[in-house]
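A.B. asks: Residue numbers (the working numbering), protein chains in the order written: chain A, 1 to 57; chain B, 58 to 372.
Treat the hints with care, since some could be wrong.
[What the hints assert, rightly or not] Each pair of labels, with its calculated beta carbon distance range:
{"hint": "1", "chain 1": "B", "residue 1": "R90", "chain 2": "A", "residue 2": "A32", "range": "37 to 47 Å"}
{"hint": "2", "chain 1": "B", "residue 1": "R331", "chain 2": "A", "residue 2": "L19", "range": "52 to 62 Å"}
{"hint": "3", "chain 1": "B", "residue 1": "P294", "chain 2": "A", "residue 2": "L24", "range": "42 to 52 Å"}
{"hint": "4", "chain 1": "A", "residue 1": "G30", "chain 2": "B", "residue 2": "G363", "range": "30 to 40 Å"}
{"hint": "5", "chain 1": "B", "residue 1": "L163", "chain 2": "A", "residue 2": "A32", "range": "15 to 25 Å"}
{"hint": "6", "chain 1": "B", "residue 1": "W203", "chain 2": "A", "residue 2": "L19", "range": "35 to 45 Å"}
{"hint": "7", "chain 1": "B", "residue 1": "L291", "chain 2": "A", "residue 2": "A37", "range": "27 to 37 Å"}
[What the hints assert, rightly or not] Incomplete in silico selection of chain B near chain A, CB under 8 Å:
{"hint": "8", "residue": "A78"}
{"hint": "9", "residue": "P107"}
{"hint": "10", "residue": "N111"}
{"hint": "11", "residue": "I113"}
{"hint": "12", "residue": "V114"}
{"hint": "13", "residue": "A178"}
{"hint": "14", "residue": "V180"}
In short, the hints are calculated from the structure, not lab data. Given the structure is predicted, the values throughout are model-derived calculations rather than measurements. Every residue gets a Cβ at the ideal spot worked out from N, C-alpha and C, and that includes glycine.
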Amino acid sequence: MSPTSLRPPAVQTLTPAQLRNRRLRNIAIGLAVAFLAALFYAITIVKIGPGILRPEP
Amino acid sequence: MSLATENSALLPGTVDSAYLAGPREFVSLMKPRVMSLVVLTALAGMLIAPGSLNPIVGFAALTAIAIGAGASGALNMWWDADIDARMARTRLRAVPSGLIKPKEALGFGLTLAFLSVLTLAAVTNPLAATLLAFTIFYYVVIYTMWLKRLTPQNIVIGGAAGALPPMVGCAAASGGLTIDSLWLFAIIFMWTPPHFWALALVKARDYERVGVPMMPNVKGPAHTRLEILIYSLLLAPLGLIPWFTGAGGLLYGLAALVLGAGFCVHAGRVYLHRDGAEANKRAMGLFGYSIFYLFALFGLLVVERGFGLIARWGL
Numbered sequence: 001m002s003p004t005s006l007r008p009p010a011v012q013t014l015t016p017a018q019l020r021n022r023r024l025r026n027i028a029i030g031l032a033v034a035f036l037a038a039l040f041y042a043i044t045i046v047k048i049g050p051g052i053l054r055p056e057p
Numbered sequence: 058m059s060l061a062t063e064n065s066a067l068l069p070g071t072v073d074s075a076y077l078a079g080p081r082e083f084v085s086l087m088k089p090r091v092m093s094l095v096v097l098t099a100l101a102g103m104l105i106a107p108g109s110l111n112p113i114v115g116f117a118a119l120t121a122i123a124i125g126a127g128a129s130g131a132l133n134m135w136w137d138a139d140i141d142a143r144m145a146r147t148r149l150r151a152v153p154s155g156l157i158k159p160k161e162a163l164g165f166g167l168t169l170a171f172l173s174v175l176t177l178a179a180v181t182n183p184l185a186a187t188l189l190a191f192t193i194f195y196y197v198v199i200y201t202m203w204l205k206r207l208t209p210q211n212i213v214i215g216g217a218a219g220a221l222p223p224m225v226g227c228a229a230a231s232g233g234l235t236i237d238s239l240w241l242f243a244i245i246f247m248w249t250p251p252h253f254w255a256l257a258l259v260k261a262r263d264y265e266r267v268g269v270p271m272m273p274n275v276k277g278p279a280h281t282r283l284e285i286l287i288y289s290l291l292l293a294p295l296g297l298i299p300w301f302t303g304a305g306g307l308l309y310g311l312a313a314l315v316l317g318a319g320f321c322v323h324a325g326r327v328y329l330h331r332d333g334a335e336a337n338k339r340a341m342g343l344f345g346y347s348i349f350y351l352f353a354l355f356g357l358l359v360v361e362r363g364f365g366l367i368a369r370w371g372l
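Throw the hints in and build the complete structure from the sequences for me.
C.D. replies: Shown next, in the form of structure tokens:
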């Protein structure tokens with residue numbers, strides 16, 4: 001193993017603008033995933049039909 | 058301070074611009090105004106299709122089509138970043154301004170493209186998904202990568218990509234294609250050349266500088282004005298056809314008549330005013346009117362069909 005590979009990685013500093021945008025991106029991705037999950041859930045219910053929610057007699 | 062300014066003022070040791078772009082920049086990559094037109098025309102295609110569609114399935118299908126349009130926009134901006142950077146109209150876009158890396162735009166566009174096609178296949182049918190995939194392919198590969206920098210007929214042939222959404226909508230709603238959806242395709246196809254050439258008349262220098270062979274800088278402004286007039290004269294009666302076939306009602310028919318006449322008047326003004334600031338003003342007037350024309354025409358179709366005015370009131 002070379003000495004350079006033992007060196008700890010350089011610390012990268014984020015500016016306040018970068019931190020804000022990273023947070024906003026994370027929120028946006030989270031919302032998009034939640035929206036898609038809800039949409040696919042609704043589609044599944046529509047395709048299968050409401051009967052799936054009724055308990056067996 | 059704008060993000061672009063902050064980007065250029067990064068300190069040594071800070072991470073690169075990959076972390077700079079926020080959701081707003083990624084949304085701009087999807088060309089939201091074009092997306093809104095795609096959603097409207099696809100919805101019109103859905104509503105003129107035979108049979109009925111569950112509203113939730115319809116909403117999911119429209120979402121997929123909108124995301125597909127966004128994917129096309131992102132991939133277009135990825136490929137065209139080099140010329141966008143040198144054109145006044147586009148140099149502040151997210152990729153040329155350095156807010157989003159080209160690789161990020163490519164990844165974003167491809168992800169959206171696959172997501173939209175697979176979603177449409179899952180919620181509707183293979184025909185609609187195939188048509189959406191073809192639309193994205195046609196816009197990105199046939200138009201953006203091939204025709205745009207090759208021929209002055211670029212937006213005539215490439216216009217088919219923008220005209221396909223009503224057919225995708227029709228296929229999503231009914232599992233097949235109808236003659237009426239073909240007429241909607243034809244309207245948008247015929248609308249595209251006068252719409253873009255009006256803008257190209259004003260931005261001819263920009264296009265010439267970056268080597269994009271738009272009609273005004275290849276065949277000249279006079280020839281372009283003639284072609285704009287011819288296409289407009291063909292478009293106006295074409296807009297009436299959905300009324301004759303019954304896809305649109307009386308409201309649509311009357312609006313198509315008036316709006317089509319207005320289109321021809323604007324095109325006539327562009328043809329007659331050829332010099333100076335007045336010429337540019339007339340060209341931008343037609344460009345703005347053409348957007349209003351398409352929104353109004355398809356909006357009325359959606360309102361009539363969506364609210365059942367034709368069946369309910371015999372309109």
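A.B. asks: Can A178 (chain B) be said to touch chain A, with a Cβ gap under 8 Å?
C.D. replies: For A178 (chain B), the interface hint is violated, since the closest Cβ of chain A sits about 12 Å away, which is over 8 Å.
A.B. asks: Is the gap between the beta carbons of G30 (chain A) and G363 (chain B) within 30 to 40 Å?
C.D. replies: Since G30 (chain A) and G363 (chain B) have Cβ atoms about 32 Å apart, the given range 30 to 40 Å holds.
A.B. asks: So, I113 (chain B) near chain A? Judge it on the closest CB pair being under 8 Å.
C.D. replies: Where the cut-off is 8 Å and the nearest Cβ of chain A is about 5 Å from I113 (chain B), the hint holds.
A.B. asks: Taking the closest Cβ pair, is A78 (chain B) under 8 Å from chain A?
C.D. replies: Holds: closest Cβ of chain A sits about 6 Å from A78 (chain B), inside 8 Å.
A.B. asks: Are V180 (chain B) and chain A close enough, Cβ to Cβ, to be under 8 Å, as the hint says?
C.D. replies: Constraint on V180 (chain B) satisfied, holds at 5 Å.
A.B. asks: Between the beta carbons of R331 (chain B) and L19 (chain A), is the distance compatible with 52 to 62 Å?
C.D. replies: holds, 54 Å
A.B. asks: Could you say whether the range 27 to 37 Å given as a hint is met by the Cβ separation of L291 (chain B) and A37 (chain A)?
C.D. replies: Once the Cβ atoms are compared, 47 Å apart, the range 27 to 37 Å for A37 (chain A) and L291 (chain B) is violated.
A.B. asks: Are P107 (chain B) and chain A close enough, Cβ to Cβ, to be under 8 Å, as the hint says?
C.D. replies: violated, 20 Å
A.B. asks: Mind checking the hinted window 15 to 25 Å against the Cβ distance between L163 (chain B) and A32 (chain A)?
C.D. replies: 19 Å Cβ-Cβ, so the 15 to 25 Å window holds.
A.B. asks: Is the hinted range of 42 to 52 Å satisfied by the C-beta distance from P294 (chain B) to L24 (chain A)?
C.D. replies: For P294 (chain B) and L24 (chain A) the Cβ distance comes to about 49 Å; the hint holds.
A.B. asks: Quick check: does the Cβ-Cβ distance between W203 (chain B) and L19 (chain A) fall within 35 to 45 Å?
C.D. replies: The hint (35 to 45 Å, Cβ to Cβ) holds, given that W203 (chain B) and L19 (chain A) are roughly 41 Å apart.
A.B. asks: Should the interface hint for V114 (chain B) be scored as holding, given a Cβ-Cβ cut-off of 8 Å against chain A?
C.D. replies: This interface hint holds because 6 Å falls under the 8 Å limit.
The structure fails to meet hints 1, 7, 9, 13 from the earlier list, while all remaining hints are met.
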